[in-house]
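Visitor: Here are the chains, one letter per residue:
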Amino acid sequence: MFETLTERLNQIFTQLRRRGKLSAADVDAVLREVRLALLEADVHYSVVKDFLARLRERAVGAEVSRALNPAQQVVKIVHEELIATLGEPTSLALSGPKPRLILLVGLQGSGKTTTAGKLARLLRSRGERVALVAGDPYRPAAVEQLQQLGERIGVPVFAERDVAPPEAVARAFDAARKGGVSALIVDTAGRSQLDEELMDELRSIVARVSPVESLLVVDAMTGQEALHIAQGFRRAIPITGLILAKMDGDARGGAAISIRAVTGVPIKFLGTGEKLDALEVYDPRRLASRILGMGDVIGLIEKAEAAFAEDEEASRRQAERLLSGTFTLEDWLEQMRQIRKMGPIAHILDMLPGQLGQAARTVDPQEAEEQFKKAEAIISSMTVQERRNPDILNASRRRRIARGSGTQVQDVNRLVKQFREARRMFKKLRKSGGRDLSRLFR
Amino acid sequence: MADLLARWKTGLSKTGRATFGRLAGLFGASEITGETWDDLEAMLIQADLGVETTTEVLDSLKRTVRDEGLVRAADLRSALRNELRARLDDPPPLTWTEKPTIILLVGVNGSGKTTTAAKLAYRFVGEGKRVLFGAADTFRAAAMDQLQAWGERLGVPVVTGQKGGDPGAVAYNAVQAAVARGMDVVLVDTAGRLHTRYNLMEELKKVYRVVGKALPGAPHAVWLVLDATTGQNALRQARAFKEAVGVTGVILAKLDTSARGGMAFAIRRELGLPILFAGLGERMEDLQPFDPDAFVEGVLQEI
Chain U
1 MFETLTERLN
11 QIFTQLRRRG
21 KLSAADVDAV
31 LREVRLALLE
41 ADVHYSVVKD
51 FLARLRERAV
61 GAEVSRALNP
71 AQQVVKIVHE
81 ELIATLGEPT
91 SLALSGPKPR
101 LILLVGLQGS
111 GKTTTAGKLA
121 RLLRSRGERV
131 ALVAGDPYRP
141 AAVEQLQQLG
151 ERIGVPVFAE
161 RDVAPPEAVA
171 RAFDAARKGG
181 VSALIVDTAG
191 RSQLDEELMD
201 ELRSIVARVS
211 PVESLLVVDA
221 MTGQEALHIA
231 QGFRRAIPIT
241 GLILAKMDGD
251 ARGGAAISIR
261 AVTGVPIKFL
271 GTGEKLDALE
281 VYDPRRLASR
291 ILGMGDVIGL
301 IEKAEAAFAE
311 DEEASRRQAE
321 RLLSGTFTLE
331 DWLEQMRQIR
341 KMGPIAHILD
351 MLPGQLGQAA
361 RTVDPQEAEE
371 QFKKAEAIIS
381 SMTVQERRNP
391 DILNASRRRR
401 IARGSGTQVQ
411 DVNRLVKQFR
421 EARRMFKKLR
431 KSGGRDLSRL
441 FR
Chain A
1 MADLLARWKT
11 GLSKTGRATF
21 GRLAGLFGAS
31 EITGETWDDL
41 EAMLIQADLG
51 VETTTEVLDS
61 LKRTVRDEGL
71 VRAADLRSAL
81 RNELRARLDD
91 PPPLTWTEKP
101 TIILLVGVNG
111 SGKTTTAAKL
121 AYRFVGEGKR
131 VLFGAADTFR
141 AAAMDQLQAW
151 GERLGVPVVT
161 GQKGGDPGAV
171 AYNAVQAAVA
181 RGMDVVLVDT
191 AGRLHTRYNL
201 MEELKKVYRV
211 VGKALPGAPH
221 AVWLVLDATT
231 GQNALRQARA
241 FKEAVGVTGV
251 ILAKLDTSAR
261 GGMAFAIRRE
271 LGLPILFAGL
281 GERMEDLQPF
291 DPDAFVEGVL
301 QEI
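Chains as they are written, first to last, in our numbering: chain U, 1 to 442; chain A, 1 to 303.
Derived by calculation from the structure, the hints in this document are not laboratory data.
No experiment lies behind these values; they were computed from the predicted model shown.
Where is the CB? At the ideal position from N, CA and C, for every residue including glycine.
Hints should not be assumed to be uniformly reliable.
[Unchecked claim] Coverage of chain U stretches by chain A, computed from C-beta distances (three or more under 8 Å per stretch; other residues unrestricted):
no., region
1, 35-44
2, 148-160
3, 328-338
[Unchecked claim] To give an idea of the interface, some chain U residues facing chain A are shown, with a C-beta separation under 8 Å as derived from the structure:
no., residue
4, S192
5, H228
6, K246
7, D250
8, V281
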């Protein structure tokens, strides 16, 4: 929908191609675009202001590098500054006497309960003895929600209905200690930072059980208020980390910048889906790219890896055949199936950066799905011999395949042609040692 | 009306919005300066109006200042209020010509659909209507239990389904049950879904179609529940849900938080969608018909 920052900057710079240093006027024009990009990403107004002031200092008089064009260079500086603001990923501080208590707090609907389930699953997979505590007696069925999540992942849930949360948490803490639990995750009720009564409740929970981590769960779609929300919670209790939930949407997630810049609270995890394994360690480089609207190439690669990892050995053999130019239509079919495992085409297209992303927006995802299905049908209608050696496909074989797959002979011809081109391309790629691959993403 | 405004005021005043220094005295200053405009821009952007809407509003305001020869900053406030107010509609009156009237509630995860369904039911029951819930969120753990609990408290029957079952089937059964039992309103609560999830949006389209099969012409309304703390992504959400299931109106939930819900302007302008209700607190009666005047006052509150 929006042009990426790089593209907009390119437009500015094509009007002033020359000289070796960025002038103040150049920088002004550029900063206007950067400002727009950040505000559109929901970074707080005042944070953007400070950020631009820092940027101006760095950018004015900067040598234009030979390797990068001016637009790329400015984007690089902005990107670096954002990464510095976001800070390095920090892991959970699970130390001290057991059980170590992790408190999850946040607004209503920010994603605390789902995050509690995800976190429990993650910690258990790291060998912790995990239990959950239901600390929301207010919302109907909030306790049941946590219990059902606990059941699904096989983690016990402490829940007492008619007890005030500070007391319930304290009791759960005692029981957990006796039961040899090493990590106790407390899900609390959603609350506004302006609700003094409920903020007092958080204070007394913290006073009674001293959590090793108090994590603020923030919806990635949050607008300008993210900053005040974080400040409000931090005034009440010592927040030790941030979890950005619902990052699998198309919000740019500027809230992370606002909160980091003003509170300095480190970002610990990103929630990236509805499934209970969708909790990721955050990577400042990726998040910075996303906030700038530069696409999510790294996310794309990881998705591909995850889809391919399921049959790693087969993938490896296939990759070898691919690069040696000896791969067959069987491999191709397998590959198409793996790409589809990455998710709906539209979702994959969304992650593409820059010009590729723009091109992707002209692709009708439904049409692409159709094409995939057609190709799958055609290859499935071939004999094994034909798949391994498409050169034997004469006219009568092609007619048979078209009939068998419910397509036209032209469709079969097109597929074979595409296959040959792909094979040629991969052979070429091998000669250049795969280095050209990265250029695809420029 | 006075009572209604009062409720808006308490809902909004709870927010105790942070004032930022100079702006508090902005309209008291004697003359309009470049700084005045900068401060107004800061205020509107911080209310989540977005850069585009903010720029439009301020350009138009500058024209007014020029045309009417305004020089005192004090005159700006009412000009700005008019400017913002003109960009919002009064909520259209709800029509109840169909019986039962089927209303589909849609939105992203955690926007407040289920709680809003309960508050709407409370309101409609208070107006003497016979309401039925369709608990079509078969995905989220305990979502159906949540609506069931509300149903018991409000005395509203609930049609549920199997956990993990087909939400379309639940919606279908709910509509059929409502027809058979002569109900006035069916509120179908759907699972939260991010608008970028292709499969989940397809599922929602199916629920929509299935409701139409159960009762030709239904659903009669599709309401998008939007979290007022949402920033620029709100417009994308609204656009995607409108394209998928023809959203007819928006409910702005959680307006009693510190957020001011400024994305309502862009949603009205780009998609022509009216804001129908606003969530102003936790209590059942805190869901109120959208009041554009009070809403604009909320945006301007700090000055």
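Visitor: None of the hints should be skipped; say for each whether it holds.
Guide: Results for each hint:
Coverage of the region 35-44 of chain U by chain A holds in this model, with 6 residues showing a Cβ closer than 8 Å to a Cβ of that chain against a need of three. Restraint check on the region 148-160 of chain U versus chain A: 3 residues with Cβ-Cβ distances below 8 Å, three needed, restraint holds. Only residues whose C-beta sits within less than 8 Å of a C-beta in chain A count toward coverage, and the region 328-338 of chain U has 0 of them, not enough to reach three; the restraint is violated. For S192 of chain U, the interface hint holds, the least distance from its beta-carbon to any beta-carbon of chain A being 5 Å, beneath 8 Å.
Annotation: interface hint on H228 of chain U holds; nearest CB of chain A at approximately 5 Å, less than 8 Å. Checking K246 of chain U against chain A by beta carbon gives a least distance of about 6 Å; that is within 8 Å, so the hint holds. At a threshold of 8 Å, the smallest CB-CB gap from D250 of chain U to chain A is about 5 Å, leaving the interface hint in force. Of the supplied interface hints, the one on V281 of chain U is violated, with its beta-carbon coming no nearer than about 21 Å to a beta-carbon of chain A, more than 8 Å.
In this structure, the hints that do not hold are numbers 3, 8, in rising order.
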